[in-house]
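Student: Here's the letter readout for the chains.
Number of protein chains: 2
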Amino acid sequence: MMNEPKNLLYPQKWLAKSSTGEQVASELRLHIISGVIESGTILSENKLAAEFAVSRSPIRDALRMLASENLIRLERMGAVVLGLTDKEIEEIYDVRLLIETFVFERLLKIETADLTMELSKIVEMMKVAIKYHDADEFSYQDLLFHETIIRSVEHSYILMIWNNLKPVMEGLILLSMRMRFKEKYEDFPRIVKNHELYIEAIQAKDRKLMVQSLHDNFDDVQGKVEDLWRSQQILIKGVEQQND
Amino acid sequence: MMNEPKNLLYPQKWLAKSSTGEQVASELRLHIISGVIESGTILSENKLAAEFAVSRSPIRDALRMLASENLIRLERMGAVVLGLTDKEIEEIYDVRLLIETFVFERLLKIETADLTMELSKIVEMMKVAIKYHDADEFSYQDLLFHETIIRSVEHSYILMIWNNLKPVMEGLILLSMRMRFKEKYEDFPRIVKNHELYIEAIQAKDRKLMVQSLHDNFDDVQGKVEDLWRSQQILIKGVEQQND
DNA sequence: TTTATAATACTTGTATACAAGTATACTTTG
DNA sequence: CAAAGTATACTTGTATACAAGTATTATAAA
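So the sequence lines, in the order shown, correspond to chains S and P. Residue 126 in full-length UniProt numbering is what sits at position 126 of the first sequence, and the numbering runs on without skipping anything. Residue 243 in full-length UniProt numbering is what sits at position 243 of the second sequence, and the numbering runs on without skipping anything.
Honestly, I wouldn't trust all of these hints.
To be verified - Now the stretches of chain P that chain S is said to cover, found in silico as 3 or more residues with beta-carbon under 8 Å:
| no. | stretch |
| --- | --- |
| 1 | 95-107 |
| 2 | 161-169 |
What the hints assert, rightly or not - So, partial list: chain P residues that the calculated Cβ filter (under 8 Å) puts toward chain S:
| no. | residue |
| --- | --- |
| 3 | 64 |
| 4 | 68 |
| 5 | 70 |
| 6 | 88 |
| 7 | 91 |
| 8 | 92 |
| 9 | 155 |
| 10 | 156 |
| 11 | 157 |
| 12 | 158 |
Note that these hints are calculated values from the structure, not bench results. Because the structure is a prediction, the values reported are computed rather than measured. Virtual Cβ for every residue (Gly too), placed ideally from N, Cα, C.
Sequences are here, hints too, so could you generate the full structure?
Tutor: See the structure below:
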């Protein structure tokens with residue numbers, strides 16, 4: 001059951017109700033995205049089971065998940081870590097742009113008062129998270145913001161795409177925001193502003209404004225992999241200090 | 001290891017190298033899509049393990065796969081079958097339209113001679129499959145046609161979406177084509193024509209023609225669920241006769 | 001020294017065992 | 001008869017055992 005884990009990158013409170021497999025996947029995912037586990041590394045079920053002090057069953061679950069996210073490739077002997085190149089990060093945003101513009105087209109045709117109310121609430125939460133320097137909470141609200149928009153159009157296959165993208169997105173945003181809170185705290189007012197613009201775009205049913213704010217939002221999060229790696233180095237040190 | 005299975009809807013030769021879990025998933029998937037297993041049914045791991053004469057391990061794998069395809073929902077006790085409504089089938093085609101138009105935009109910018117050559121080969125294969133009334137082979141080539149186009153732009157996350165969509169698409173096309181071979185054989189010249197138009201559109205870099213042929217292609221496959229169910233009834237009878 | 005072969009130590013896939021938790025049905029008590 | 005509580009037969013999640021196959025390494029022969 002994963003006792004006394006070290007180097008925990010993933011917020012523990014997000015793991016509340018999840019199975020051991022999901023917990024392992026969440027932790028491994030961040031290690032891969034941040035570069036702690038390098039691309040090309042071969043992961044063995046047995047070794048991972050030993051490392052995490054669990055049996056192979058949840059490890060297998062975790063590897064399946066990571067494989068479906070394109071972070072690893074399952075092979076006959078061992079799972080090879082693919083990691084995220086800059087190209088792939090751009091591709092993720094291609095897809096987000098694709099689905100969010102699709103969703104926006106749907107939003108043009110329906111009543112959005114409830115939605116914008118909900119989104120405003122989330123933005124308020126983001127402001128609180130900023131005020132208290134809570135990077136994880138901010139990341140959570142950021143993701144929730146976009147997920148709320150996507151869910152509002154009730155399109156099961158668009159939602160499926162989001163769900164497949166979400167874990168990696170979550171990792172990217174988490175690492176990016178943690179870095180920003182430490183080194184670029186001044187960014188946040190602009191990020192909040194962008195989200196408010198997004199809400200305005202929905203209210204005004206203004207395609208151009210929506211795409212604009214979406215692009216700005218991406219630019220904010222789209223830290224290059226090197227930045228994330230640097231961020232991760234800092235975080236590891238933080239964790240080690242905590243453990244002392 | 002799944003000995004002596006009955007009511008096999010899924011082409012056995014497609015299962016060549018796949019694990020037991022994938023085999024179970026493939027078979028269950030067709031049963032769900034075709035309606036043999038009704039929406040709302042509660043699937044139990046133990047019962048499925050007994051039915052398929054395998055252990056729970058591959059069953060669990062299979063259920064995970066089907067859950068990621070939105071065909072079932074995993075709950076605390078049992079997995080509830082969601083099935084495919086007409087709305088969801090339309091949503092699948094929304095997504096296909098979304099990704100194939102995205103891919104087409106990329107194709108406009110690159111050399112496509114190799115691709116169209118490959119596609120022409122596939123269309124030839126389709127013609128042979130038609131000639132010999134091989135519905136399964138035709139379905140295979142039809143799927144391969146679109147996958148080849150999608151792969152050609154080398155976009156890992158677009159490919160991820162395709163991979164997530166593919167199993168359900170495969171099921172839909174398989175059932176639809178089997179029905180057509182029995183009842184609407186005259187459809188096939190038009191289907192082939194559409195694919196040839198698609199190739200032309202790529203060669204001519206003609207957006208309009210591409211969307212047109214894509215839509216026509218969808219209309220051809222987009223049989224309503226009731227049709228598939230009817231088709232499946234016929235097929236079951238066929239299998240039973242074979243087993244006599 | 002090089003090559004071929006055999007032994008060994010890994011790998012994953014599947015089966016089984018066990019533990020923790022949940023719904024159902026029955027029994028007991030009011 | 002009704003209601004509450006308990007026993008039982010399920011469920012899934014995790015751990016372990018086993019089997020089949022693969023890569024590596026060591027050994028033996030040319």
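Student: Given residue 155 (chain P) was flagged as interface, is its beta-carbon under 8 Å from a beta-carbon of chain S?
Tutor: This hint holds: residue 155 (chain P) lies near chain S, its Cβ roughly 6 Å from the closest one there, short of 8 Å.
Student: Does residue 157 (chain P) pass the interface check with chain S, least Cβ-Cβ distance below 8 Å?
Tutor: 4 Å, holds
Student: Answer holds if the nearest beta-carbon of chain S is closer than 8 Å to that of residue 158 (chain P); otherwise answer violated.
Tutor: Nearest chain S Cβ about 7 Å off; hint holds.
Student: Hey, does the residue 68 (chain P) contact hint survive, CB to chain S under 8 Å?
Tutor: Since the shortest Cβ distance to chain S is 7 Å, the answer is holds.
Student: Go through the hint on residue 70 (chain P) and say holds or violated, using the shortest Cβ distance to chain S against 8 Å.
Tutor: 6 Å, holds
Student: Please check whether the stretch 95-107 of chain P has three or more residues whose CB lies within less than 8 Å of a CB on chain S.
Tutor: It holds: at least three residues are needed, and the stretch 95-107 of chain P offers 4 whose Cβ sits within less than 8 Å of chain S.
Student: Min Cβ distance, residue 88 (chain P) to chain S: is it shorter than 8 Å?
Tutor: For residue 88 (chain P), the interface hint holds, since the closest Cβ of chain S sits about 6 Å away, which is under 8 Å.
Student: Okay, the stretch 161-169 of chain P and chain S, do three or more residues pass the C-beta test at under 8 Å?
Tutor: holds (count 3)
Student: At a threshold of 8 Å, is the proposed contact between residue 92 (chain P) and chain S supported by beta-carbon distances?
Tutor: Residue 92 (chain P) check passes; min Cβ-Cβ to chain S is 6 Å, inside 8 Å.
Student: Holds or violated: the hint that residue 91 (chain P) contacts chain S, with Cβ atoms closer than 8 Å.
Tutor: Holds, about 4 Å.
Student: Can residue 156 (chain P) be said to touch chain S, with a Cβ gap under 8 Å?
Tutor: 6 Å, holds
Student: Let's test the interface hint: is any C-beta of chain S closer than 8 Å to that of residue 64 (chain P)?
Tutor: Interface hint status for residue 64 (chain P): holds (7 Å vs cutoff 8 Å).
This entry satisfies every hint, going by the numbered hints stated previously.
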